[in-house]
Amino acid sequence: MPTATIERDLTEADVNASLAKSMERFARADVDGLLSRYDDDILIRFADLPEIRGKAAAEKFLRARFAVQEDYKVDKTFLLVSGQKYGNSFTASWTDTSTGKRYEGRGVEVLQLRNGKVIQWDCSYNIWEAGKAGENSYFAKFL
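First residue of the sequence shown? That's 918 in my numbering, and the numbers climb one at a time after it.
The set of hints was computed from the structure by calculation and includes no laboratory data. Treat the numbers as computed from the prediction; the structure is a model and nothing was measured. Heads up, the beta-carbon is just placed ideally off N, CA and C, and yes, glycines get one too. Any given hint could be a false lead.
Pairs of lysine to any residue, SDA-like flavour, derived with a Cα cap of 20 Å [stated by the list, open to error]:
| # | residue 1 | residue 2 |
| --- | --- | --- |
| 1 | K977 | K1034 |
| 2 | K990 | T1014 |
| 3 | K1018 | K1034 |
| 4 | K993 | Q1037 |
| 5 | K990 | F963 |
| 6 | K977 | K1018 |
| 7 | K977 | L952 |
| 8 | K1034 | R970 |
| 9 | K977 | D956 |
| 10 | K1002 | Q1029 |
| 11 | K938 | L996 |
| 12 | K993 | D958 |
| 13 | K1002 | D958 |
| 14 | K938 | F995 |
| 15 | K990 | A946 |
Estimated spans, in silico, between C-beta atoms of each pair [unchecked claim]:
| # | residue 1 | residue 2 | range |
| --- | --- | --- | --- |
| 16 | A1057 | A984 | 15 to 25 Å |
| 17 | S1015 | D926 | 37 to 47 Å |
| 18 | S1015 | G1051 | 21 to 31 Å |
| 19 | D947 | G971 | 35 to 45 Å |
| 20 | G1033 | S1054 | 31 to 41 Å |
| 21 | E1052 | R925 | 45 to 55 Å |
| 22 | K977 | K1018 | 21 to 31 Å |
With the hints as constraints, model all of the structure from the sequences given.
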């Protein structure tokens, strides 16, 4: 009879190490390195896109993204950890190669792991042209 493996809870140190590795891989547009962290059946809910399911679809998404996001810089900050799930906030900037415009963004991610692999990545992401934060924001009318 197979026995269930109980994974130890992630620690803040584990998450910070993972965030550092993620930032480094995003900075190098290292798709293979990023994919190595994903389960074959990963589920990605990224910004306002339809759900991305499976490693092959994740690869297609990342390669398309890095094809137009030049000089991508991201800074991720630990927020919380609970069991095999953690959350972080981030800021990012890049140049869009199709327009030549510089963009900035801010977001929050929650990642769920199983057996050391990411099985779910939820990301809420706000993006604006560099220097124009809030100009077209729906929420600006409340300020």
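So, going through the hints one by one against the coordinates:
Distance hint between K977 and K1034 is fulfilled; the C-alpha atoms sit about 19 Å from each other, no more than 20 Å. Straight-line distance between C-alpha atoms of K990 and T1014 comes to about 15 Å, which keeps the hinted pair within the 20 Å bound. For the hint linking K1018 to K1034, the alpha-carbon distance of about 35 Å lies beyond 20 Å, and the restraint is violated. As the CA atoms of K993 and Q1037 are separated by approximately 18 Å, the hinted pair is consistent with the 20 Å bound.
As the CA atoms of K990 and F963 are separated by approximately 18 Å, the hinted pair is consistent with the 20 Å bound. A hinted pair counts as satisfied when its Cα atoms are at most 20 Å apart, and K977 with K1018 does not qualify at roughly 23 Å. At roughly 11 Å between alpha-carbon atoms, K977 and L952 fall within 20 Å of each other, so this suggested pair holds. Our distance criterion of 20 Å between C-alpha atoms is met by K1034 and R970, whose separation comes to about 15 Å.
At roughly 15 Å between alpha-carbon atoms, K977 and D956 fall within 20 Å of each other, so this suggested pair holds. For the given pair, K1002 sits about 4 Å from Q1029 by alpha-carbon distance, which is consistent with the 20 Å threshold. The straight-line distance between the Cα atoms of K938 and L996 is roughly 16 Å, inside the 20 Å bound, and the hint therefore holds. Between K993 and D958, the direct Cα distance comes to roughly 25 Å. Violation of the 20 Å bound is thereby established for this hinted pair.
Taking the CA atoms of K1002 and D958, the gap is near 17 Å; set against the 20 Å cutoff, the hint holds. Between K938 and F995, the direct Cα distance comes to roughly 13 Å. Compliance with the 20 Å bound is thereby established for this hinted pair. As the CA atoms of K990 and A946 are separated by approximately 10 Å, the hinted pair is consistent with the 20 Å bound. The given range of 15 to 25 Å is broken by A1057 and A984, whose C-beta atoms sit roughly 32 Å from each other.
Hint check: S1015 to D926, Cβ distance near 43 Å, so the stated range 37 to 47 Å holds. Roughly 24 Å separates the CB atoms of S1015 and G1051, a value that falls within the hinted 21 to 31 Å. Between D947 and G971 the beta carbon distance is about 20 Å. The supplied range of 35 to 45 Å is therefore violated. For G1033 and S1054, the Cβ-Cβ distance of about 39 Å falls inside the hinted range of 31 to 41 Å, so the restraint holds.
Between E1052 and R925 the beta carbon distance is about 46 Å. The supplied range of 45 to 55 Å therefore holds. Between K977 and K1018 the C-beta distance comes to about 24 Å, which sits within the given range of 21 to 31 Å.
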